[in-house]
Amino acid sequence: MVGNTLAAARPARWPAVLPRAGLVAAALAAVLAVAALAGLRYGLLLAIGLGFGMVLEGLRFGFAGPWRAMILRREPAGLLAQLLAIALVAVAAFPLLAGNGAELSGAHAPVGIAMLGGAFVFGVAMQVVLGCGSGTLVNAGSGNPVGLLALPFFAIGSFAGATHLSWWTGLGAAPVVVLAGAGGLALTLAGLAAVAGWALWRAAPGTRRLPRRLWLAAGLVAALALANLVVAGQPWGVVYGLGLWAAKGASLLGADLAGSAFWGAPGHAERLRASLLTDVTSLTNLGIIAGAFGVAAWRGGLAQPLPRLPARAWVATVLAGLALGYSSRLAFGCNVGAFFSGISTGSLHGWAWFAMAFAGSIVGVRLRPFLGLEAR
Amino acid sequence: MATRRLTAALALALVAGVLALDRVQGAPPDPFAAPPPFALGSGLAAGGAHCAALPE
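Those sequence lines, one after another, are chains A and B.
Per numbering that gives the first Met the number 0, the first sequence starts with residue 0, numbered consecutively.
Per numbering that gives the first Met the number 0, the second sequence starts with residue 0, numbered consecutively.
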C-alpha cells in the first residue's frame, strides 16, 4: 500500500524537482560565468551574496522586522540573533584586522552630526517600508512589491547622498574612533552583551528563547560576513553598490560626474569606469536579490497574491526608498555597512548608528499605519 | 489575480537591466587582470569601495 502510494506520488513530484534543479543550475552557472569573465574572486563574491540571500530569506533573518517586533511586542529573538551574529564576526574579525591591516580593512567611519541624523532618518524609513539595506534587496528578490518599488529609489538616494556627502560631513564630525585589540574586542562583546541583557530584561513573558532557525541563521550570516572580509578585504556592505548603479545610469544619461567631489575622486571614478562584475558590494547585492528569489521560488512563495495598497502607500514607499539611500550615505552605511560591519570591526560609528536608527525605528513603526502600509 | 511571480520577475528584469546598463556604460572585465581569489594573504591592499569609507 505504501509502495503504491509512493509510486503514485513519484510522477507528481517531478514537476517540483525540475524547477528546483534549474534554480541550482542557474546559480552555479552565474557564479562560474562571473568567475570566468571577471576572475575567481568575483565569482566567490557572487556566491557569498547568493548565500546571504538564501539565509536571509530562507531562515527569515532580518533587521527591520526584529526591531519592529522588539518595539511593538517586546519580542527580542530577532534582535538577539543579530547581536549573536555580530559577536561571532567580531571574535574572528578583530584578530584578522589586527594581524593583516595592510590587506583587510574594517568599516570604520567618524561619528558626526550628519551621520547621527542620517542614521535616525534611516531608522524611520526602514520601518515605513519594513526593509533595511539587505531587507530591501531580499524583499525585492522574493517578489514583495513594496521592496521592489523602494529599491530603485534607494539606489537614486544613495547616489545623491554620496554626491552631497562632503557637504554633509563638513557640518562637523569627530575623529574616527576604532576599538581594536583584545581590549577593544572585550569592550565590543561587553556592549553587545549589555544590549542583549536590556532586550531580555524588556522581553515579554515567554519570548526570551531563540528559535533554532535563528541560531543557525546567526552562525551562517556570521560565516558569510567573514568570508566576505577574507575574500574582498573589506566587510559586508550594501549601500555603495546601489549608489554606483544609479551613478552609472546618470552617467549613461549624460550627467558629467567628473566634477563631483565624490564621483570624480580617483577611486570612485575608477569604479564608475570598471565593470560591476568587479565591484564587491554590487556582486553581493545582486547575489542577495537572486538568492532570495531562489528561496522564494523553491518553496512556492511566489504564488502569494500581491497586496492592494492605497496610493499614499506607494508614494510613501518611493519617498522612503529615497530617504533610505540618501540617509545611509550620510550615516556611513545602513544596517549592514554601519551596524553589522561597523560594530563587528570595532567602529564607534556602528554603535552610534544603532542608537540613532533604533530611535528612528520607534518613530517609523508608529508612522507606518498612517501611510497606508498596514491595517490601522 | 496578480501574484509575486510578476514582481519577482520584475526584480530579475531589474538585475538584468543593471547588468545590461553596465555592459553599455562600463569597460568589460578582464579576468587576466583579476586580483588573487582571497584578499587575505594576497599582499595587496583592499581596493573595493565601501559605504563606511570617507569621501576621498
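Don't read these hints as lab results, they were simulated from the structure.
The C-beta atom is built at its ideal place from N, Cα and C for all residues, glycine as well.
Any given hint could turn out to be false.
[As the list claims (entries may be wrong)] Covered by chain B, according to a simulated footprint, are these stretches of chain A (three or more residues, beta-carbon under 8 Å): (1) 61-70; (2) 163-172; (3) 293-301.
For each hint, the structure was consulted:
For the stretch 61-70 of chain A, the stated coverage by chain B is violated: 0 residues have a C-beta nearer than 8 Å to a C-beta of that chain, whereas at least 3 were required. Requiring three or more residues with a Cβ within less than 8 Å of a Cβ of chain B, the coverage given for the stretch 163-172 of chain A holds, as 3 such residues are present. Given a C-beta distance limit of less than 8 Å, the hint that chain B covers the stretch 293-301 of chain A holds, as 4 residues qualify and 3 suffice.
Checked against the numbered hints given earlier, the structure breaks only hint 1 and satisfies all the rest.
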